[in-house]
Each structure stands twice: as C-alpha cells, then as structure tokens.
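Peer 1: These are the residues of each chain, in order.
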Amino acid sequence: MRSLRNGVLGLFAVVFLLFLSYLVVGSMATEWRFPALFPNGYTFHRWEAVLNRTEWALALFYSFLLSAFVSLTCTSIGLLTASGLSRDPLSTLWLRLCYLPYGLSPVLYAYSMQFFYHTTGMAGTWFGVYLAQFILVYPFAVVLFFNYFDEKMHNLEDIAASLGASRWVRLKTVTLPVLRQPLQTVFAQLFLVSWFDYGITSVIGTGQVKTLTLFVYQYIGESDLYYSALASCLLIAPPLFLWLFHRTFALKPSK
Amino acid sequence: MSFLTVKEVTKKYNKVNLFDNLSFSLEKDQVLAVLGRSGCGKTTLLKLIAGLISPDSGQILVDNLPILDTPPQQRGVLYLYQEALLFPHLTVAENIAYGLRVRHRPTATIRLQTEEMLENLELTSVDRHFPHQLSGGQRQRVALGRALVVQPRLLLLDEPFGALDPETRTSMQLFFKRIAAQYQITAIFVTHDLKEAVAMGQQWALLENRRWNHYRHLEDFSKDPKTGLQQEIAYWKKIEHQL
Amino acid sequence: MQKQKIPWLRWLFLLLGVLPPLAGLIYSFLYSIGGTGALSTGWTARYWIELLEEKGFWAALSWSAAIAISVSLLSSGIAIGLVLGWKNRLDRPNWSAIMSLPLFFPPIVAAFIGYQWLSSSGIIARMAFWAGWIQGPEAFPAIVNSPNQLGLVLTLLIFQVPLFVLVSWYHYKEARVSDFQEQASALGATGLQAIRTIAVPILWNRMKPTMVIYGVFLFGAYEIPLVLGQQYPGMLSVFLHQKFKRYDLFDIPVAYAGTFIYALIVLASTLYFFKTLQKEVQNK
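Chains as they are written, first to last, in our numbering: chain E, 774 to 1028; chain Z, 6 to 248; chain S, 1046 to 1329.
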C-alpha cells in the first residue's frame, strides 16, 4: 500500500515532467507524425531562427516588461489601497466592490471595455494592453492584501505611530518589512496573471501587440506543433526558472 | 495638580453605553490601577486616552491641554497592548531604539539610551535576538523598554502581564514597580486581578456598571465592599486559621 | 484601531477598481438594446429576443455551468481522496513543489498539451496504436472537440487536481483532521467510519471556498474550451467570442447581451458567496 501511495504521487511528478519534456522535445523535432512515439530526428534550427529573429526577441522582451510593470504597479498601488481602505469605516463595502471583476473572463471583460480603448486610440498599443491588464488585476491585488491588514498589523502600525513615526515612515519601517513575504507572493501571482494573459491582449491588442501567449495561439491555430511547443517553452521557462532560483537561493525572511 | 483629566466622557459600543459622563483626574508620577470585569470598558477607556478611538462626547486633557484633536503620534501617550507586539523584523535593541530613530535623535544618543535601557531591563545578553526567540516575560520587558525610552508623558498598560504564567507575572510586577519609581512614570494600569491592582497602583479605580469609583488611598479602596478586597483578605485569613 | 477616511484613496479605488467593470457592464447593456454602437438606430429589444431564442446560447450557458460545477466538485473529491490517502507524504518539500507545477502552465499551453495528448493523432492514441488496440487515428475515440466534452474535462482535471491537493492538504493540517480521526477511533469508529463521518465532511466544508472560486473562473474559461471544447456551441466565453468576431455586425449586440447576462451571473455568484470567497483568499 505504501509503495502504491508513493507510486501515485510519483505518477504526478512523472506526468508533469513528461509534459515539460514533451514541449522541449516537440520544439526540437524534425518530424513527429502519427504513429511515431518519438520524433524522427532533432534539430536546433527553430531555436536558432527564433533567437535570431527580432520579432521573437521583442515579444519575449516586451512580454516580460509588460508583466513586470503590471505586477509592480498593481502590487504597490494595491498595497497602499488595502492599507488605507482596511481602516476605512466602509471597509467591508470596498472589499465587496473588489469582487466585481474578480471572476470575469478576461476576454469578455476586454470586449466590454474595448469601446474605451478604441475611442482613446489605445487599442492596439502596448500601453492600452498594460492599462487593461492593470484594471483587471488591481482589484485582485487589493483583495489579496486586504487580508494581511488584520488587527495585528494595524496594532503594529498604531504602536509605530504612537512612538512618533509618520505615515510614510511607518510604511517603510514597519508595514513593508513585516509584509515582505506576502509582497513577494502577491507580486509573483500578479506577474503570472499578466504573463499568461491571452484574452485581454488579443482583444485590446487587436493583433498589434504580440506577446508570447499570442504566438502560442497563432501556431496552435496553424496546427504547427513544433513552433507551438517552442513558444510554450519560452512562455513557461522564465517564471519556472525564477521560481527554482527563488526556492534554491532566496534568503529566509525574519519571523 | 491634575496631569490627566477626563471630563464627562461618553462612549457607546454596539449601541450600549459604556460610560455615563465619566470623569476623573490623575496626578503626575502616579500609577492608577483600574479594575473591572471583562467587557466593562477598561480597554476602551485606554484607547480613548491614547487617541486610537474617539469619544462620543466629553473632553480629555493632559497637562491642562485638550488632546482630542491631537493625532495619536503627537500626544506623548503610549498604549501597551496585552500582547507585546514587538516588530518581528527588528532585534531587541532595534525595537527599543525604534522610537528614538523615528524622532531622528543623534546616533550616539540612540546607542547610549538603548544600552542603558537594555541594562535596566536585564536584556543586554539578548540584544541581538529577534522577538520570536524571547520568552513571554522578556517580550513584555522589551515592549515596556521601547515605550519608556521615548519618555512618554503618560503610559497606558492594558493587562500587560495577563498572558504570563504566575511566576513570570510576579517578577514582572516587581520589575514594573522598580522601573515606575526609577523613571517617575505616570501610568494607568488596567487589570482584572485584584492582587495585581493592589500591588501596582498608587491610586485605584473600579469601573462597574458604567460607573467610575476612584480611590486615592488604599484604605478607601479596602473599605468599599464593591472592590472585594475585604472578602479576599477574609478568605486568606480563614485559610491561615485552618492551617 | 482608529477608523479613518482617506478621500483621495477612495476616489482612486473607485476610479481604477469600480468604474471600469461598471462602465463595461453599462456599455454592454446599452449596446445590446441599441442605445449605442455603430448599428444603433434606437432602443430595441430584438437582440435580446434573438439571444434568448437561440438554442446555442442556452446550450453554452448550460455547458459552462455544468462543467464549472462538475470539474470543481470532481477536483475537490479527488483531492480530498488523495490527501486522505497520502497524508504526511505531502509534507516533503519536493512533493509540494511538484504539486505546484501546474501553476506554470498557462491555460493556452494546457490546452495545447491536452490537444496533443488526447486527440486522435495524439500521444495516447499512438500508445494505443503500438499496443495494438487501434489500427489508425480514425479508430481512436473522439475525446477532443467532441460533444461529450471529455477532452476538455480531463485536461481541466489534470491541471486543477494538483492545486486542489495543495489546498486540501493545507486544510487537513489547519483543521487538525488527523486529531479528530484519532478521537473518532478512540470513541469506537472504524478507520473507514472515521474517514466517512469525520474527515471527509470537515475537508469538504473547508474546500467550499476553493470550489466556488474555481467554479466562477471555470464558468468563464476561454482558452482551454476554445482548443478542446466542441466547436458549437462550446462554452459561454467561446460562444460569445465567436459572435463578437463574426462577419455579421448584427451579431455584436447579441454578443453584448450575452456578455451582460454572463457578467450578472458572475457578479451575483461572487456577491452571494462573498463570505465564502473571503475565507478562500485568507487561506492563500
């Protein structure tokens, strides 16, 4: 029974590692048609082509920049918002309002807002996509941070206040250090939401804004297994490596 | 001459009146022990004086100046929670020095005053420890030191030893008495423990059924049957007699 | 704790967090009744009637609800079963790391993998071919893009169950379920009774917020149903997206009417389950 349990657990590991391997192998296969279980041969020419093509390099770079900017601004403004609104007499109301866009499908949310972006000329621009993602993700950030501003956090801030710390000094010397771990977690979550977004980018970006997710979809639509796998690798790799790096080398926060 | 004056303060909590025109005064360098059952409003009273909540009506004066419009950080009044609430990311020394740093005192002064306080608190050996590495009693001492080092005008202690075991509690009571005398502290010490109230206070108050009963002498406090001190003394005398 | 209003913060939050979805909702409604848009010729209910009379819309709505509910319930059930079976193995850091791997697969990549593995020429079909169970791809059962939505459900489960296991494991420890099971045993319950009457009810209740939150997300899922679901009517997001993208401009107001209905359902669900959702977010 014990070995069965270990086996089932091991199966999960094998399945996901297989999926990852499939993407890597698929991106390097010369040909891989039915009924072959493994590719007929391997080649790096697609990877070379991608790394030499400006279009891909730009997509990777700008996607990263976009996601970093979305997560940075949402994390900081979300934190400030939650910090202030959690002490508001109507805090429960604000929190409920945060749930307005919470479960909305990004693609349908984008359609409902696209009139604004077309009217202002922001449709099809990187800034337009950034703004649309920000607006989708910001309430999510507020909800996540709201839960860290509990009575204990407020008491710590009050003590700092009574010891003479101004609002910004309290933020710098108490709030941010105490919330260091949650800040990292929220930042990472928001980064992934933006990095993986397809719906908003495709609707607001109108095909002009080419992120990696759009490349994946484009090649899936063209039934191109090889470039779909390659684009998927590029999409998964950065957050996966960052996570592995963080697990291996991250400093432990003070308790 | 009154240092702290509370004048006709009222406060409702969940539509229930906690106080009916509460009025009392406290002189400088005196420790007022406040007794009362759970939920009678002791904590609310401290938070009103500290500025963490506002009264429905009335006035509060410190050194003859009204303070209700003064923000908490400018009142010179420090409120200590029952839980020590030390900053978890700062060491013992950094916690104690915090108030001095945010007031931009010179570095040399900060170091000197922090070291002096650590010695008084008997915490020099753990100055680089983090809060989670300390015992309950040690944490309370750090919280007290952090408050005292900035020389507050008024200290408000909300059952500070309530979470400690009896032995640690007794040693903390003795410690506080020594420190209060040394630093000439003006304080309100809230407790629901009668023995602690008698030990800590130089004046006493009983908050019961929205009424404030103030006793400036232990004799008066003892004579009032509401305080329960006579019953307590009688009980222990009976035990002694049986032995 | 002193309550305090910060007016500029309230306005900032209203501007960035409340106004956009509200404006989108209002715009969708106005467009759908002819109040605005390129085709607007005055108020009309015809697009709403057209939508409500379209069987495809009701099929899409029903499929979305059915898949959202069934996948959430199945994921929870499987996760609880695995947690009760695995118990302390999940404390090892490597196992929880493995369970976190699905987080790195975005929906579009999960859809791609699901298609490549479950389609009639996919990896599973090739294994079946080499095992001698099928003679060619046409003999492999239709799992993806099929009316039974099996490929869609399987892919959603594969990528969702590990995360549900993590959440369920967290609840197992938080709620001290093993202590309760021991208590039940001490009172005379068999192992199976303790699981059935104590462990499962405790965990099932605690998993409700997770089920609600993922159910809401699944209801509006787009990428995975787009690739793996049946072509028509598909799930609601796909159905409406197709209407938005069609050449017939008169489909757009109909799509907006559908979007409005979708948004109302999601809003009503989130507000109704607000307290439940709060618990879920607190557990993150």
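It cannot be assumed that every hint is accurate.
Think about it this way: if two alpha-carbon atoms lie no more than 27 Å apart in a straight line, the pair counts; the simulated DSS-like pairs of lysine-lysine are [said to hold, decoys possible]:
hint : chain 1 : residue 1 : chain 2 : residue 2
1    : Z       : Lys-20    : S       : Lys-1218
2    : E       : Lys-925   : S       : Lys-1050
3    : E       : Lys-945   : S       : Lys-1048
4    : Z       : Lys-228   : Z       : Lys-33
5    : Z       : Lys-182   : Z       : Lys-33
Calculated directly from the structure, the hints in this document are not laboratory data.
Peer 1: Enumerate the violated hints, using their earlier numbering and listing them in ascending order.
Peer 2: 1
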